[in-house]
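Same order as they appear, the protein sequences are chains P and A.
Position 106 of the first sequence, counted from 1, bears residue number 1270 in the working numbering, the numbering being contiguous throughout.
Position 327 of the second sequence, counted from 1, bears residue number 446 in the working numbering, the numbering being contiguous throughout.
Treat the hints as calculated values from the structure; they're not laboratory data.
Even for Gly, the Cβ is constructed at its ideal location relative to N, Cα and C.
Be aware that a few hints might be false.
Said to hold, decoys possible - Residues from chain P that keep clear of chain A, each with C-beta distances beyond 12 angstroms, as calculated:
1) Q1257
2) P1264
3) V1277
4) A1323
5) R1348
6) V1353
7) A1423
8) E1543
9) V1544
Claimed, not checked - Estimated spans, in silico, between C-beta atoms of each pair:
10) A:E131 <-> P:D1275: 31 to 41 angstroms
11) P:R1474 <-> A:E206: 13 to 23 angstroms
12) P:D1275 <-> A:A267: 22 to 32 angstroms
13) A:P424 <-> P:E1499: 51 to 61 angstroms
14) P:A1297 <-> A:A135: 40 to 50 angstroms
15) A:G346 <-> P:D1265: 35 to 45 angstroms
16) A:S387 <-> P:A1193: 45 to 55 angstroms
17) P:G1445 <-> A:A189: 47 to 57 angstroms
18) P:R1474 <-> A:A151: 33 to 43 angstroms
19) A:P203 <-> P:A1423: 53 to 63 angstroms
20) P:H1316 <-> A:P133: 43 to 53 angstroms
21) A:P203 <-> P:D1265: 32 to 42 angstroms
22) A:D264 <-> P:A1194: 28 to 38 angstroms
Stated by the list, open to error - Covered, in the sense of this in silico footprint (three residues per stretch, anywhere, with C-beta under 8 angstroms from a C-beta of chain A), are these stretches of chain P:
23) 1183-1194
24) 1385-1395
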Amino acid sequence: MLGNSVAAPSGTTLAGTSLAEERRQRLTAAMREAGIGHMVLYGNAWQGDYLRYGADFGILEGHGIALIAADGEVELFLDSATDAQRAELEAPQVKVQLAPDIARAVGARLDRVANAHIAAAPRRFLPHWLADATRSFKLDDATALVDRLLMHKSAGEIAAVRRAAQIADEAYVEFLRAVRPGRRQYEIVADIEAHLRRKGCPDNFMIIGSGGKDVFGMTPPSERRIAAGDLVTTELTPAVEGYFAQICRTLVVGKASEAQRRAFAVFVESLEAGIAAVRPGVRAADVAKAENDVFRKYGLGEYTTSQWTRVRGHGMGMFADSKPHILEDVDTVLEPGMTLIVHPNTYHPDAGYIVLGDAIVVTDDGAEVLCKTPRQLFEVAA
Amino acid sequence: MRRGLIARSLVELPDAVFDARLDRLRTAMQAAHLDALVVYTNNTRPAGVSWLAGFVPYWSEAVLVVPRQAAPYLVAALSFRVKPWIERVSRVADVLHTPRIGLKAAQQIAAAQADAAVGVVDFDGLPAGIAEDLRDGGPQLTWHDASALFASLRAVADPAEIALASRAADIGHRALSAAQGETLNEMIAGVESKARALGAEEIYVAAAPDLERDARFRRIEGEAGFGKTFALRATVAYKGTWIRLVRSMCETAIAQEAAARFAQAVASLPSDRGFAGFRSWLVEGCRVTQPLDALIGTRLGEGHPPPPGALVSVQAALAVDGQTVLLGAPALIGRSGEASSLIADPLYD
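Throw the hints in and build the complete structure from the sequences for me.
Structure follows, in structure tokens:
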């Protein structure tokens, strides 16, 4: 499995258009259908998916706002001079403007089309000045419209997620090599990030945990050293052409104890139940319930609550943690083309915090699992 | 999303550093008749909250509330399971967890004083949803933009920040020195590995793969070749302090000549006179909450000249014997009567 590099960004769909062009066509078609003349898309390094969908630029610094016209023309405003220069090269099809006061620069541009129907996504992240009701223009909230586009992937988008999942599998092999007693968590992450850069993968989201029953979750890497007997958890989320795919796995430093094995078996059963529940027409809540019912069966229902776990999975795509969240109160109906991770990650009172999750794509009659790494409690030398 | 080392060091950032900053802030708040201050943070705009409390969100968002007469507290959208981590890496009196951080912050402030005057740092740039929640959560509170107030305190680096920038510069320099390999990706991997292993909170590596064709930087995805001369840029964060460094791979004599001209130009900052004859130049630094705001440079008109004592990062492009050379390093703007000075060597072995 090792040895493959990320292909040079092909960015092409089966129809021969670029992924960026395909997204723009889908976006402008949705805009026309909704009677929207101009779409304002906001992004930053944390929540960059809406911006990237329309402008095909992966922002790293500052604010970015793309103005998409119904005819497909894209203007990209950036307040970071360094990112503006990068955008000129990485998104040559859009008109890039360096705008240190980005809200007012975009506002001045919108003043010229104030009579048109203008919408914004995600509206709640827009700079407050721009969304203020006293402006000459009114910005309707089009977040739900863009969310639908982000959730329903085309064949080309699924192919990118599939490649990212392959990279995630390969990175986990590297993770198994990197974890050794005495090493600090951040040194392990350094190895993984270097591995991904070597493969031409520019972005990744990753958190880690190590220890015993004193550990209740994963965080950015700390100075904590790996020790014999530790459970080491990680979620790895590399991106290919802006599309993230995630894998969650747990390993033991040394031989797993009987308690750790028994605890891990619950997670395997829960993950399998969750994936088995995935098919078009079911709700995200049904998948979460299938996962959680396994924990309840073993008297562990408490550990499926928000006191111990955040979500039982989530969407993946241009954001590492996108909609829908897999929770028992989320009614989003699954449809073919959605890409998700199912992960019953939580605390187990006999072993500590355990993670296990696979990226999947919803197919016409179920789910295709994209991650190929075995669902086992790995062991590395103590 | 951050995935480097986030850890508080009581040696590099002892309580006294935060206390001194908060004392100065509270004095300014009193002069401006503000009862509380709200500072927003996410991983794009962490520099206000990290300066006051050391907290850097690897993900999600938060606001720090600084009452004029009580200890600062954080209202975070991160789940409460992360509370022990936040308390380990930050210096705050309390952490409150809620997805509606604006609403909760306003309610907390109003509970202490219903008609408080509240300053908001970078009010215009605050996410609209949070600004609306602030107003809903405290109907009698009055809101004031406190960007200028905060910038006046934040602009000049204190000794702790200069020390962190020097450490970040050392990490970046050692990382760029580790750029070795047969391919551009191997070199980038070497830089990133070194920086993260040395404790960088974050590193972004960009490349200008062929200076004879294009002197602009981009992030590399997939395979990329490189020309006879090329450059790498490392943007490094260390405990909330950000700097940029640039290394051009070219003949030693050319690099030495370029570095000397670069240092001479930097010495004249904030005047731009030293950059006459350069192809382009850019000075970035923290004004309010973004770590590396564009301050002055070729594309910025009047911009925002950094004041004496400010920490900045400088990038420049110039031609030496017909070859394009890119350089970059952090610098300290000289105080009255002093020349500005680089805090990292722009040359590499």
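> Which numbered hints does this structure break?
Replying inline: 2, 5, 6, 10, 19, 23
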